[in-house]
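Chains as they are written, first to last, in the numbering used here: chain D, 1 to 303; chain P, 1 to 321.
Pair ranges (Cβ atoms, derived):
| hint | chain 1 | residue 1 | chain 2 | residue 2 | range |
| --- | --- | --- | --- | --- | --- |
| 1 | D | 190 | P | 91 | 23 to 29 Å |
| 2 | D | 243 | P | 55 | 31 to 37 Å |
| 3 | D | 37 | P | 135 | 37 to 43 Å |
| 4 | D | 51 | P | 9 | 49 to 55 Å |
| 5 | P | 317 | D | 33 | 32 to 38 Å |
| 6 | P | 217 | D | 243 | 51 to 57 Å |
| 7 | D | 227 | P | 217 | 53 to 59 Å |
A short list of chain D residues far from chain P (calculated; beta carbon distances all over 10 Å):
| hint | residue |
| --- | --- |
| 8 | 37 |
| 9 | 99 |
| 10 | 174 |
| 11 | 177 |
| 12 | 196 |
| 13 | 203 |
| 14 | 265 |
If you are wondering where the hints come from, they were derived from the structure by calculation, not from laboratory data.
Here a beta-carbon is modelled for each residue, glycine too, at the ideal position from N, C-alpha and C.
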Amino acid sequence: MSRREPEPSAEAPALDVVQGWFQSVISHPDGVESGISADEAQALIGLGRDELERIVRRSRNLSASERIGIYANAYYARLLECLGECFPILRRVLGADLFEPIALEYLQRYPSKSYTLDRLGDRFAQFLEETRDPDAGAPPAWPEMLADLARFEHAIARVFDGPGSEGEPPFAIDAFQDLGAEELASARLLPAPSLRLLTFRFPLNDLYTAARRAGEEDELTYPLPGIEHVALCRRDFVVRRHPLTPFEHEVLAGIVGGGSVGAALAAAAGMADGEDLGPTIERSFAAWTAAGFFRGIARPEGA
Amino acid sequence: MTSPRLGHPNLGCGVGLRSVHFEHILKEQPAVDWFEVISENYVDSQGRPRHVLRQIAERYRVVLHGVSLSIGSSDPLDRDYLRKLKALAAEVNAAWVSDHLCWTGVLGKNTHDLLPVPFTEATLRHVVERIKIVQDILERPLVLENPSSYVTFAHSTMEEWEFVSRMAEEADCGLLLDVNNVYVSSFNHDLEPEEFVRSLPHERIVQFHLAGHSDYGTHLIDTHDHPVIDEVWDLYRLAHQLTGGVSTLLEWDAHIPPFAVVHAEVLKAKRFTEPETGRESSAAHAEGTSIGEPWREAALAGPLGEAPAPHPLHHIRPDVA
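So that you can see chain D by itself, here it is in the shape it has in the complex:
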């Protein structure tokens, strides 16, 4: 077996030191040379100009710096590509030229700490709020739309791979019919584990649909500010989007919050603007049940 002799001048830095140094260098946004001379790397392994080969060998074809550069190029290229896949609609709306610098800054502020790339975008919406352009005008403006869109896409991804009700017997609307009015009012509906209620500062659901259908060259029409409520729920492993009226959102928020049906309806009644709620409630509960929003009903004690 051939034995490789260490370079005559090679030190033997501890593993944690060389790994911390290497990670610091390849993840420096301004490239390898800047990474090597940055304080973080210098604190671990102090290298003068032209001393890189004390740590990394050159090859026949490439300098030590060029070799490390392969990892450095790949680091951001890989994560930018993945973040773009996590937020395809946001990337489409912004365009790659705008998306990538924002994503690059995000990856520096919030580097991945998970074993899975699925969590890479966990704080992207938060980051977009934190780094809001002060010249964008009073909220809600363009930055709020981007942050809400990021939140929308992230929620879809979490619902897609989170817990669901597939495999459970479907909860049917008939369950309500066994209950009298008083029993129904005091019963609690158990929300499906995939049900998510979202509120946006812009009507994004139609934009989401349009952006998915649009070709690369197609122009998108961006919405004006306006509150929109959307429910997400997964059925047959596919995430479904359900636009909600303010009244419907309020009722569902009460149910998801653990309140009784009666309490949820009472809390939302003020949003009904005097209309006859009977038909609306009946229609909404039928649609929500068919969409799999509920997994069961907890009857009041003694019922």
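Got chain D; can you put chain P on it based on the hints?
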């Protein structure tokens, strides 16, 4: 004494499971010997990816292949991840569990790259100790792959094949010999790929990987977006002769062609391993048409983009209506 290949059978020619092929596999149930799945795509899944994997595992043998174990890292092992990995392996009756001889990050960060370790006595002790811990947690031998690498450290005191051989013996683990990675790393480090393959403990090799790479003239990058090149097939034939034949798997991770094309590419391996055709030249096989011509043309057109991202890059796009 450990039995050859840790007692694992030769599963034949398998394909890396990728989400773009889910529908085809479920509908057509192709005659594939086995599938290798990226563990991280499924360990946390409670949705369609896990559902699909369960269905596939009912019909095919499945091997779990991870990219985040980070066995060479100076950070603590992620025991939560290992616990989930063990549960997933039990759920799909995984034939074995593999990952890479590398580190993916330190100080709590994950670069999602397979970063190289210095080949020193200290690193060897560190890695062997961690493999033993992982094997205790998983309650099964670990199988580790040689990654493609692009740097070597000045303070390394041995070549990769010596490190890998001693690691396997001292930790009593298996090896996943990625033949393409041997070729890529050897080119990048001015080494002789045949010497690498000949120097390993062949009885510990449980599995082969095959893949394509991108040639940048001065260096090669393991992009998994091309067919396997002739020189790698030649190395594969040598490895097959030295091991007597083990489970073989093709990885294709970018610009992924239709399933039939990927499957046809790995089936070329049979032409190198079956006695009546094994004597033929690899070049003759490489000229075959088992890969669809439009895909071959696209794949051979060369590296795409200026900053290729070596694998692993795995993300399953949600199904949304």
